[in-house]
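Undergrad: Taking the hints as your guide, dock the two standalone chains into a single complex.
Read top to bottom, the protein sequences are chains A and B.
Mapped onto the numbering used here, the consecutive letters of the first sequence carry residue numbers 1 to 252.
Mapped onto the numbering used here, the consecutive letters of the second sequence carry residue numbers 1 to 219.
You may find that some hints are simply not true.
Pairs of lysine-lysine, BS3-like flavour, derived with a Cα cap of 25 Å [claimed, not checked]:
#, chain 1, residue 1, chain 2, residue 2
1, B, K192, B, K8
2, B, K15, A, K84
3, B, K187, B, K177
4, B, K14, A, K84
5, B, K157, B, K192
6, B, K8, B, K71
7, B, K15, A, K250
8, B, K215, B, K14
9, B, K110, B, K71
10, A, K250, B, K177
11, B, K97, B, K157
12, B, K157, B, K177
If you're looking for bench data, these hints aren't it; they were derived computationally from the structure.
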Amino acid sequence: MRDISYLSLGLTFLLILAFILFSAWQRLGLAKDTFFSSLRGAIQLLAVGYVIAYVFVIENGWILAGVVSLMAGIATAVSAGRSKRVAGIWKLIATAIFVSVSVTLGLLLTFGAIEWSGKFVIPIGGMLVGQAMNNSSLFLERLLSDVRRNGLQIESNLALGARPREAIRGLVRQALIADSIPTIDSMKTLGLIYLPGMMAGLIVGGISPIIAVKYQMVVIFMIVFEFGLSSMILAFLAHRFLFNRNAQLKEC
Amino acid sequence: MIPLFELKNVSCRKKSPASGETAVFHSASLCINGDGIFVVMGPSGAGKSTLLRFLNRLEDPQEGEIFFHGKPIREIPVTQLRQRVGMLFQLPALPEKTVRDNLLFGPHLKGENPADSVLAELMRHVDLDPGLINRDAAHLSVGQQQRVSLARVLANKPEVLLLDEPTSSLDAETALKIEETIKRLVKEDGLKAVWVTHHADQADRLGKNRIRIEKGRFV
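Bound-form chain B, shown alone (with noise of 0.2 Å):
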């Protein structure tokens, strides 16, 4: 079976303040299987992000291939690979426009116009109340603020859906609520999602299909 994305041997070098030049993957290579939730655990500053980065194609790795459904991503369009590779960050950045804009931002990129009611529907679907939709989404809470990134991703129909520490910078009760949304979709919608965390608890209600990155290797 072709796993959704495949690391060949991927080495990356970041440049970091302290000490200089440091190999965050060196010859690395992972299967992602594209059942449900892949999570991927590790302490901080362990290639976490740098990992769902170079899925999203925000950066490149300097060396090895990255397979996506058995395709090297460099040969996909990246506007392509990213409408149908979606990413949650771990922190909410919405420009300031009202919630509507907001979520036609994707669809409008690709030619598509979708009703007040579908956008309703979507925001039901991430527990957000449709009243909120003429409002300025940079101001709304935090929270409130992460469930519409999520449906401004949604908005886009991805295929597969990277998290980064999306729940991090919640309280707990509002990143329970985000984590039962997200397992909801994934098992009703069939979406499927790469989650990064670092948290050993979330990590076991997300499910079994796992893996840690320490020191640049997956293990």
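Isolated chain A, as found in the complex (with noise of 0.2 Å):
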């Protein structure tokens, strides 16, 4: 397959400074953020580029769920430091991370779907730890950033006697499904707009697009019932970390 040169490379970084110039000009204060965040990444993927060769022929079930372990620490991290104010937030986050993580992943074991080895469950468990990691953000954005919003309402309800879940309910709801909006749209466009990555990247690397096709199949799936299982241990979790024993509301 063709290689794409350090220049043709360097040159399409030119598009992420497009970006930055953009955010700096509106002062957006995103600037910084995502120039470090795109440098981050490609060193990661470089070093990542590395070392999969390695990765990819494990067998040796202990190290592939230490890798995948890690994987969801390090999403686990990056995620709760965007709630830093929440005491103790990163506790939920790594609970709808591991949770959703290792059952979707057995089921799929189960299911013959995909097979014990670090070609199968890297990359997937990758996926996997990504879309947990991006939804336990959006959502718990969309909640703390509602219940700051709505301390009055909340504390109206549960001057009534409302319990700390009933309390927040509704807004829980809302933050769900704006949660679901993007799975949502991405499935309905999905094959029209876009070619999926994981499909795109097998029919370039030569896979027969029908069998490229069933791999990107059994993706969906699993972000749909991953993404489903993640939100619904933040939406039944969630109120025990804004509100302390006695049912009052904390500072988020």
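TA: Written out as structure tokens, the structure is:
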């Protein structure tokens, strides 16, 4: 397959610089974060490129579980970094990511959709961890912002004798709906507007389009299932981190 | 006679962005009897709202003890206490639901499902047109929303009503109407009320059973 020259690669980085300039011009406050995130992402990808050949041949279950756990741990730290003001929120995010990734991977292995080897478990596990991380970040971003804006409404509910879960039920529902929009929209446009990453990668790599479609369908089904599972965990447990044991709203 | 509420040596400090940590109450003690409307006066920031939040347990003091009918409120399950001690806030904050759904919120928590006729009666009780029952509460006028908030608390059949400057965001005419409604409820239904206000003329209209908070102490 044709290689990409470092010059071409460098030129594509200009696309990110264009966004950084736009962000600085509009004072969005995203320039620094975008620059360092893209640089970090590029370095991480290069590093993975060098080690992936070794990782993909791993068949030892403990090592594979360790690699996926490491990815889940990093994802937890990144997502929790967005909600630093809520003490212990990393426990909620870790639960959502670890449980949803483990259950989904376990089911895929049980159904025989993927094999217990590095070349399947690592990329699929990575996709699942990434999806669960995005889900946690989006859900909590929306929920915490709604909780800050609607403190009086929540306390009005508490003052009537509502338990914390009941006091924020409406806000949790709104956060779940908002959180589900990208997943549902991407399913609606599947194949019509864009060819999803895995399928495009397999076709470019020379795999039959039908086999690529089958893999992509597995990916989509697992992502929807995992989205539902991680959302359910977040929705059921979020109140434990927003209220104290006396059903009083904490600062967040 | 056992007071309705009793505060013993209550202390509370809060963080203020301007002055760092400030004492809201310093070893303050108070008895609130259950005779009609008990008025709490004081300047802004004196701790009036904090007092009501203590009584409903939306906050707890760092030191001291609060009693309800002679029992430490920390020993009463918090949701039970809040169902008995309702609270109406300065501003209405109703979810975007119909008036009916808002009124049913409290009863549903207790497994009750009052009929529309009961809700209509409740709405009339707070001078609210029962024809509004299917309207989105969040889209009513502020005065109507405050009446829905009052009816929402009353639907829970509380023993005591805590009122945190409930008329301060309303125009004079609507404020007087809400004031008259609550005075009538206290007189006719035997409801007990603790009413926070910083308006001396309103305090005069509400009665002589009152106390003033100044610099974290009851005077």
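Undergrad: If a hint holds in the structure, say so; if it does not, say that too.
TA: Hints, one by one, checked against the model:
1. As the CA atoms of B/K192 and B/K8 are separated by approximately 21 Å, the hinted pair is consistent with the 25 Å bound.
2. Proximity of B/K15 to A/K84 is assessed by CA-CA distance (about 19 Å); at most 25 Å being required, the pair is judged to hold.
3. Only pairs whose Cα atoms come within 25 Å are accepted, and B/K187 paired with B/K177 is accepted, the gap being roughly 15 Å.
4. A hinted pair counts as satisfied when its Cα atoms are at most 25 Å apart, and B/K14 with A/K84 qualifies at roughly 21 Å.
5. For the given pair, B/K157 sits about 12 Å from B/K192 by alpha-carbon distance, which is consistent with the 25 Å threshold.
6. At most 25 Å may separate the alpha-carbon atoms for a hinted pair to count; B/K8 and B/K71 meet this at roughly 12 Å.
7. Restraint check for B/K15 and A/K250: satisfied, since their Cα atoms lie roughly 14 Å apart, inside the 25 Å limit.
8. Annotation: proposed proximity of B/K215 to B/K14 holds, straight-line Cα distance about 13 Å (limit 25 Å).
9. Taking the CA atoms of B/K110 and B/K71, the gap is about 23 Å. The hint holds against a cut of 25 Å.
10. The straight-line distance between the Cα atoms of A/K250 and B/K177 is roughly 35 Å, outside the 25 Å bound, and the hint therefore fails.
11. Proximity of B/K97 to B/K157 is assessed by CA-CA distance (about 21 Å); at most 25 Å being required, the pair is judged to hold.
12. The hinted pair formed by B/K157 and B/K177 meets the criterion: a straight-line CA distance of about 21 Å does not exceed 25 Å.
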